[in-house]
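Undergrad: Chain by chain, the residues:
There are 2 protein chains.
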Amino acid sequence: MNISEVARRTDLPPKTIRYYEEIGLIRPARDANGYRAFADSDVHKLAFLGRARALGFSIEDCRTLLALYEDDARASADVKRVAQDHLDRIEEKLAQLRSMRDTLTHLVHECAGDNRPDCPILQDLARD
Amino acid sequence: MNISEVARRTDLPPKTIRYYEEIGLIRPARDANGYRAFADSDVHKLAFLGRARALGFSIEDCRTLLALYEDDARASADVKRVAQDHLDRIEEKLAQLRSMRDTLTHLVHECAGDNRPDCPILQDLARD
DNA sequence: ATAGGGGTTCCAGTCACGGGAAGGTCAAGG
DNA sequence: CCTTGACCTTCCCGTGACTGGAACCCCTAT
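The listed protein sequences correspond, in order, to chains Y and Z.
Numbered by this note's numbering, the letters in the first sequence go through residues 1 to 128 in order.
Numbered by this note's numbering, the letters in the second sequence go through residues 1001 to 1128 in order.
Treat the hints with care, as some may be off.
[Stated by the list, open to error] With a straight-line Cα cutoff of 35 angstroms, these simulated DSBU-like cross-link-like pairs (lysine-lysine) come out: (1) Z/K1093 to Z/K1015; (2) Z/K1015 to Y/K15; (3) Y/K15 to Y/K93; (4) Y/K15 to Z/K1093; (5) Z/K1093 to Y/K93; (6) Y/K93 to Z/K1015.
[Unchecked claim] Quick partial rundown of chain Y residues pointing at chain Z, CB under 8 angstroms, derived from the structure: (7) D72; (8) T105; (9) D114; (10) P117.
[What the hints assert, rightly or not] Quick look at which bits of chain Y chain Z covers, simulated, 3 or more residues with Cβ under 8 angstroms: (11) 59-70; (12) 73-83; (13) 91-104; (14) 118-127.
In case anyone wonders, no lab produced these hints; they're calculated from the structure.
Positions of the beta carbon are idealized from the N, C-alpha and C atoms, including for glycine.
Please work from the sequences and hints to get the whole structure.
TA: Rendered as structure tokens:
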């Protein structure tokens, strides 16, 4: 299976697939002409990676998760820890973004948005 | 005023201050010895930039906001548009993160987190 | 023979800095 | 006067996870 077919099936750009090989997440075989020859197992791994990335896991988390997935002797506790840590980071990020949003919402609401120069947004940014 | 004093007052790292000069956000004078000589106006601008960055504005947004701040003939509508666009991006990001969080929370809750290999998190990532 | 649509590698750029090296400057102490 | 140590300077590399583009190879159909 060639890369564009795999891209279609996994909904990952060819560039991303090559990158994942470069950093050792997958190791597709090669045809005599040098083209990558993807097996079903490669496609499966890429789909796994795509879903993990869609959940916001870092590449290194994905590497860990994939290793756990392929380890029959894994403990689900190890998987859960990775997921829980990631979830904690997401909650932090959410809190930070909510804080920004609340401040911005307030400022935007206060601003007349007309032709005059007076602007509470700039006043806030320039406060002493 | 030397850079470390400015860093202290603005709560920005010296590296960041040098970077902001490099990309043209500020233009501090220089002493005869080559040291940057910051004026109060530079400190003021840096504080402005620090607050804008803390609200998540990109560097380019900051450049725009600073230009508007220094333009007496600005229209508050221009400021408001920058802020509203940024707010829209934040709302998008929030929705995305909430979606990730909801999925992850569910999966983490389902996972036993013990010594056994069975794991709904991996099952979900590997679903066909 | 050629045209096109694959594939390949490699290099550069993104964003907003941070780390660290190599070296100049300044004030204080011996 | 010399040294020490804390400043300051520039310069280059690395970050994460790709994306764009150049230059080139391969395969099939006309």
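Undergrad: All hints are to be evaluated individually against the structure, with a verdict given for each.
TA: Status of each hint after checking the structure:
1. Z/K1093 to Z/K1015: Answer holds: Z/K1093 to Z/K1015 is near 28 angstroms, not above 35 angstroms.
2. Z/K1015 to Y/K15: 33 angstroms, holds
3. Y/K15 to Y/K93: With Cα atoms ~28 angstroms apart, Y/K15 and Y/K93 stay inside 35 angstroms; holds.
4. Y/K15 to Z/K1093: Holds, because 24 angstroms separates the two Cα atoms, which is no more than 35 angstroms.
5. Z/K1093 to Y/K93: 10 angstroms, holds
6. Y/K93 to Z/K1015: Roughly 24 angstroms separates the two Cα atoms, so the pair holds.
7. D72: Holds: closest Cβ of chain Z sits about 6 angstroms from Y/D72, inside 8 angstroms.
8. T105: 7 angstroms, holds
9. D114: With Cβ-Cβ at 6 angstroms, under 8 angstroms, it holds.
10. P117: 5 angstroms, holds
11. 59-70: Holds: 3 residues of the stretch 59-70 of chain Y have a Cβ under 8 angstroms from chain Z.
12. 73-83: holds (count 9)
13. 91-104: Result for this restraint: holds, n = 9.
14. 118-127: Our answer is that it holds, as 8 residues pass the Cβ test (under 8 angstroms) against chain Z, meeting three.
Every hint from the earlier list agrees with this structure, and none is contradicted.
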